[in-house]
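According to the working numbering, the sequence shown is numbered sequentially starting from 65.
Because the hints were derived from the structure by calculation, they are not lab data. Glycine is no exception: its CB is placed at the ideal position from the N, C-alpha and C atoms. Any given hint could turn out to be false.
Derived lysine to aspartate or glutamate pairs resembling EDC-like cross-links, with alpha carbons at most 16 Å apart [claimed, not checked]:
{"hint": "1", "residue 1": "317", "residue 2": "116"}
{"hint": "2", "residue 1": "297", "residue 2": "287"}
{"hint": "3", "residue 1": "317", "residue 2": "352"}
{"hint": "4", "residue 1": "359", "residue 2": "280"}
{"hint": "5", "residue 1": "224", "residue 2": "196"}
{"hint": "6", "residue 1": "317", "residue 2": "350"}
{"hint": "7", "residue 1": "348", "residue 2": "327"}
{"hint": "8", "residue 1": "70", "residue 2": "167"}
{"hint": "9", "residue 1": "317", "residue 2": "346"}
{"hint": "10", "residue 1": "317", "residue 2": "347"}
{"hint": "11", "residue 1": "224", "residue 2": "167"}
{"hint": "12", "residue 1": "297", "residue 2": "261"}
{"hint": "13", "residue 1": "345", "residue 2": "327"}
{"hint": "14", "residue 1": "341", "residue 2": "116"}
{"hint": "15", "residue 1": "341", "residue 2": "85"}
{"hint": "16", "residue 1": "224", "residue 2": "192"}
Ranges of calculated distance between the beta carbons of each label pair, as one might list FRET restraints [to be verified]:
{"hint": "17", "residue 1": "246", "residue 2": "186", "range": "14 to 22 Å"}
{"hint": "18", "residue 1": "360", "residue 2": "314", "range": "20 to 28 Å"}
{"hint": "19", "residue 1": "206", "residue 2": "127", "range": "23 to 31 Å"}
{"hint": "20", "residue 1": "159", "residue 2": "364", "range": "46 to 54 Å"}
{"hint": "21", "residue 1": "261", "residue 2": "352", "range": "25 to 33 Å"}
{"hint": "22", "residue 1": "350", "residue 2": "193", "range": "44 to 52 Å"}
{"hint": "23", "residue 1": "221", "residue 2": "364", "range": "40 to 48 Å"}
{"hint": "24", "residue 1": "193", "residue 2": "215", "range": "13 to 21 Å"}
{"hint": "25", "residue 1": "159", "residue 2": "182", "range": "18 to 26 Å"}
{"hint": "26", "residue 1": "368", "residue 2": "85", "range": "45 to 53 Å"}
{"hint": "27", "residue 1": "152", "residue 2": "234", "range": "26 to 34 Å"}
{"hint": "28", "residue 1": "338", "residue 2": "162", "range": "28 to 36 Å"}
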Amino acid sequence: MSVRFKLQGIYTPLITPFFSDGSVDFDSLALLIERLVSAGVHGLISGGSTGENYAETVEERLQIARFIVDRTGGRIPVVIGTGAMRTPDSIALAQGARDMGADAILLGTPPYSVPTERENALNALAIDRVADLPIILYNYPGRMSVEMGREFLDRVGRSKNIIGIKESSGDINRVHLLARDYPHIQMSCGMDDQALEFFAWGAQSWICGGSNFLPEEHIALYETCVIKGDFAKGRRIMSAMLPLMRVLEQGGKFIQCIKHGVEVSGISAGPMRPPLKGLNKEEKRELEQVIRTLKTTVAAIVQGN
65 MSVRFKLQGI
75 YTPLITPFFS
85 DGSVDFDSLA
95 LLIERLVSAG
105 VHGLISGGST
115 GENYAETVEE
125 RLQIARFIVD
135 RTGGRIPVVI
145 GTGAMRTPDS
155 IALAQGARDM
165 GADAILLGTP
175 PYSVPTEREN
185 ALNALAIDRV
195 ADLPIILYNY
205 PGRMSVEMGR
215 EFLDRVGRSK
225 NIIGIKESSG
235 DINRVHLLAR
245 DYPHIQMSCG
255 MDDQALEFFA
265 WGAQSWICGG
275 SNFLPEEHIA
285 LYETCVIKGD
295 FAKGRRIMSA
305 MLPLMRVLEQ
315 GGKFIQCIKH
325 GVEVSGISAG
335 PMRPPLKGLN
345 KEEKRELEQV
355 IRTLKTTVAA
365 IVQGN
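Input sequences plus hints: build the corresponding full structure.
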């Protein structure tokens, strides 16, 4: 398969560090970028929901994205999220991504409007025409109330730019569908507690918020399963990671947990923008214990113990 962009490895959807007044802490963002690049992640994503894009203006999102592209300096790919309620906003983000030299864009369904599959496809193709960049689709019906189904995929899949899909439905049958019927669209894990299953069905990448603060452990699972094909060892690593996945995917405070994890790693993440609030003391202690246990257990598995 010849594609414009090979979607492989661990891609981190970056948080946006904020100061207490809500302004962007670019110094901490720079530290996080350097930490992740040095750890060996394979790509960065700006402007995803993990970055609190819903609480930022288009101008802020473009400013943050440009900073990330410039700071990364071509060392690893940078993907720019274009998700927005209004098509003109998504188009502005896509055009900005093209102009600043982004490697690809992440394209989700416009939230709240609940478009039909045809409407959603036409929206995606309008953004495609403006960007003319590799596109990673983002299927997240839990937030958007709309699934990127067969009609949608058949329509947009004709574009040479549609190279991948971040699958976050949580429905394992979607993994089967994509692997079997749409092999020309590279599948990326977007549901953290199903990473092992995605890799078993041929996915070669994982877009994972937890890699903001545990990049080495996420890379270890990817390399064990995808590079080495050792699923016996992969199951052991995944088993060690599942307590974290349960906290992230089932705890109802995904962004709060990711940001506190970054704080635990030694980089300031700051508060969330409203309406979200931070973790309470008990939630912080629980997450910190999960992180400590995970790091120790995964390190022992990787070292062959």
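Broken hints, by number
Structure breaks no hint.
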